[in-house]
Amino acid sequence: MSILVIILNRIKSIVRTKELYFYVIGFPLIFMIIYGSIAGAYYPETTPIKIGYVTLDSGTIINLGSMSQRINYGSLFYNYLNNVTFENTSIKAFHIMIISDAKIAEKKVSRLEISAAILIPEGFSEAIKRFSESLTRSILLPILSKKANEAFESGNYDLGNRYIEAIQELENLSESLGTIEIRIIGDPTNAGCMRAYELIWRHIAEFSFHTAQVFMTNYSDYLAKKYNITVEVQHPEEGSFSGVFNVSFQRIGGKEGLKESFLKAYYSVLVPGQIMQTIMLAAVSVIKMLRFEMERGLVGRIKLTRISSSEYIASILAVWGTIALLQGIIMIGASLALGYIRVLGTVMHYLLSVLIIVLAGVLTAEISMIAVSLIKHESIEGITIGITVSLSLVIAGYFPIENPVIGNFIGYQFTLLDIIPWRCAIIGLRKALMLPHIFTPLDIIPELILLVLWVIIYGIISSIVFSVKILRARE
Amino acid sequence: MEVVISLKNISKIYDNKIRALDNVSLEVKAGETIGLLGPNGAGKTTLMRIIAGQLQPSSGEGIVLSKNLRELLRSEERFKLSYVPQENIFWPNLSVEENLWMMGAMYKLPKRELRDRIKKLLEEYELWEVRKRLARKLSGGMQKRLSIVMGLINDPEILILDEPTTGLDPAMRASVIGLLEKLNSLGKTILISSHIVEDIERLCERVVIMDRGRIIADAPPMELKIKITGREILEVLFNEIDKEVLEKLRRIAEKRGMARAGYKIIIKGDDLIALSNEIRNDKALYENVITLSIRKSTLEDVFLFLTGRLIGG
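Chains as they are written, first to last, in my numbering: chain A, 192 to 666; chain B, 10 to 322.
Hints were generated in silico from the structure; no laboratory data involved.
Careful: at least some of the hints might be erroneous.
Unchecked claim - Subject to a maximum C-alpha distance of 27 angstroms in a straight line, what follows is the list of computed DSSO-like cross-link-like pairs (lysine-lysine):
1. A/K209 <-> B/K141
2. A/K203 <-> B/K120
3. A/K567 <-> A/K417
4. B/K264 <-> B/K236
5. B/K146 <-> B/K191
6. B/K117 <-> A/K660
7. B/K38 <-> B/K120
8. A/K203 <-> B/K128
9. B/K191 <-> A/K660
10. A/K209 <-> B/K191
11. B/K26 <-> A/K567
Could you put together the complete structure from these sequences and hints?
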């Protein structure tokens with residue numbers, strides 16, 4: 192009963208402290224709205240995306256009459272992508288690394304050395320050639336037929352026959368458009384991967400049309416010269432052939448055939464990051480509360496009561512777990528209201544999200560207790576704001592920071608940034624809240640286990656440090 | 010009567026250089042109300058915090074409620090002790106009643122017992138009307154009252170109150186004094202520190218005068234006054250005091266004993282009326298006198314005779 196009274200009164204005391212609302216809810220909410228508005232309006236594409244390029248393409252031979260030329264469209268597509276820039280900027284969209292083998296590319300993706308890898312299949316050049324020929328044939332055939340008819344109707348049989356010969360040669364070109372296939376290897380939970388996927392989808396179409404148009408122009412010139420005729424080319428619309436392209440997605444470690452919109456991928460970074468920032472910023476409030484109790488003599492007074500160190504610590508952790516739950520509900524509600532997330536997951540997904548948020552709140556309180564035990568100076572509150580905001584942005588993936596994998600932990604790829612204990616909570620939230628159609632609740636277990644471990648580790652450390660330095664200390 | 014606090018040669022040195030307590034020995038019997046009197050920096054708070062187990066002495070031994078000072082915070086005896094520091098201690102965003110529930114819960118009192126005790130304390134110490142009000146919205150006096158009443162939730166055998174009336178206006182001070190007088194009648198052992206002489210004289214049956222980390226006097230107030238200053242003293246307030254005036258006064262006072270604080274001179278001893286007449290008859294001396302009176306001596310006079318300074322500086 193006693194511990195419940197203490198927890199309840201502590202919660203009342205915190206909820207009635209209006210100035211803490213800014214740190215606990217206001218600041219992250221403002222941040223989320225600003226970031227969300229920017230993302231909704233436009234995306235500042237300024238950082239090249241690191242991708243791998245694996246080409247198995249052996250090239251093809253292009254014949255124009257007696258002239259023949261060997262062309263490797265896989266290499267040309269590489270050159271093309273290498274020169275792609277973000278719209279209205281001179282900044283390259285990709286930083287491309289040539290990789291010899293798909294397996295190596297998969298490893299690099301899984302280690303986050305690259306955001307995604309493009310796999311160009313063996314028959315890529317043949318497919319581009321077929322598409323170019325088919326497009327040229329389908330465009331030129333009606334033009335030449337019309338010209339031949341006009342020549343015959345005007346009595347110019349010689350010209351008409353030359354058009355007929357040109358049509359006969361044109362009919363040697365492939366009739367079927369076929370399919371141009373490439374494969375993207377990546378992790379859909381990685382925003383860089385999804386940005387690459389969006390851009391590559393668009394540019395494979397552009398490249399193919401551009402190549403086909405060049406082929407069509409060259410072929411028209413060739414026919415015009417050879418048969419001494421006039422060929423006026425009308426280039427087709429790009430969108431009318433969208434069915435030709437197939438950019439398949441190979442998801443590392445799991446399901447295939449996923450295509451996420453960029454904005455969704457962006458929000459998958461924004462929303463979990465903001466929720467976790469809210470939880471992390473509560474450290475300021477925890478520190479304020481503890482410092483108040485220490486400096487105003489309440490801790491000294493409490494030392495004379497029956498409450499043990501472990502009960503005192505447990506009451507603080509329980510309170511901040513509850514506060515984190517309230518924060519999480521508000522932030523998820525705001526994200527839903529602002530359209531940053533859609534209700535997609537099962538009840539279990541949402542229960543897991545709540546559990547992650549509560550555990551992250553407990554973790555925050557534990558780390559705050561360690562900080563307040565070791566740093567007695569009043570500047571600790573300002574320092575905490577700076578550190579939590581910076582760390583939350585870094586681990587949420589707002590900045591392109593190298594984050595190599597340093598180990599595998601029960602199916603969870605432990606990266607350098609995972610040393611910051613809240614990161615697994617962000618990844619867990621991303622899976623549970625943003626990508627529940629890809630990840631089952633079972634897929635979230637590794638993050639949950641790692642988070643529980645962090646809570647236990649920091650719980651032990653904070654209990655020892657806070658007891659020794661504060662609760663049992665005598666000056 | 011049983012000795013509940015026994016300190017022997019306690020010293021406390023902060024940062025290896027500031028000697029806050031110097032060889033202090035003190036015995037307190039159950040049921041005594043003791044006033045620690047002394048100027049700021051005399052070591053009163055340090056002494057109280059050591060008794061309450063909040064501070065570790067640099068040297069010396071002490072027993073509180075039959076437990077060694079070092080063991081106090083780990084023993085059950087600590088529940089029989091309440092320490093109310095000079096700053097108000099409560100949770101400002103909890104109501105008066107909630108604060109008492111919070112502190113009671115920390116003593117793990119059964120719910121029914123705690124409810125009854127809270128009701129009794131609220132009624133007895135005139136907090137019933139404001140029980141729903143947030144602590145931070147109470148007046149200064151009420152806040153101090155709440156702070157003290159929170160120290161009573163465990164029904165302590167020893168109550169340690171550090172400067173309970175400091176910083177309060179006269180009305181609020183009177184209200185807190187009223188509360189302390191009520192506590193006096195309960196037969197608890199109470200230690201009150203203050204630099205306000207009247208409060209100590211009014212509340213305490215024994216006074217311990219401290220100065221610069223040492224106990225310089227320890228006796229019931231009346232006994233101290235009789236011993237150090239006598240029942241009455243002659244107080245003369247001058248416009249200015251030069252060497253000549255001082256020399257003249259010393260000669261007039263002779264072996265009676267004289268102490269000076271700024272322009273105030275106090276003289277103890279027999280036949281103070283004759284002495285006052287002598288001053289009146291000395292025209293040169295009397296010219297500089299603003300007031301001249303024979304009055305009952307106070308603990309402030311005792312302190313002045315003992316240290317040559319006033320408690321308030």
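Right, here's what the structure says about each hint:
1. This hinted pair checks out: A/K209 and B/K141 have alpha carbons roughly 19 angstroms apart, not beyond 27 angstroms.
2. For the hint pairing A/K203 with B/K120, the CA-to-CA distance comes to about 19 angstroms; that is within 27 angstroms, so the pair holds.
3. Annotation: proposed proximity of A/K567 to A/K417 is violated, straight-line Cα distance about 90 angstroms (limit 27 angstroms).
4. With a C-alpha separation of about 15 angstroms, the suggested pair B/K264 and B/K236 falls inside the 27 angstroms cut-off, and the hint holds.
5. Between the alpha carbons of B/K146 and B/K191 the distance comes to roughly 25 angstroms, so the proposed pair stays at or under 27 angstroms and holds.
6. For the proposed pair B/K117 and A/K660, the alpha carbon gap of about 24 angstroms is at most 27 angstroms, so the pair holds.
7. A distance of roughly 33 angstroms separates the Cα atoms of B/K38 and B/K120; the hinted pair therefore is violated under the 27 angstroms criterion.
8. Proposed proximity of A/K203 and B/K128 is supported: the alpha carbons are some 21 angstroms apart, at most 27 angstroms.
9. With a CA separation close to 38 angstroms, the supplied pair B/K191 and A/K660 exceeds the 27 angstroms bound.
10. For the hint pairing A/K209 with B/K191, the CA-to-CA distance comes to about 38 angstroms; that exceeds 27 angstroms, so the pair is violated.
11. For the proposed pair B/K26 and A/K567, the alpha carbon gap of about 21 angstroms is at most 27 angstroms, so the pair holds.
Hint compliance for this structure: hints 3, 7, 9, 10 are broken, all remaining hints hold.
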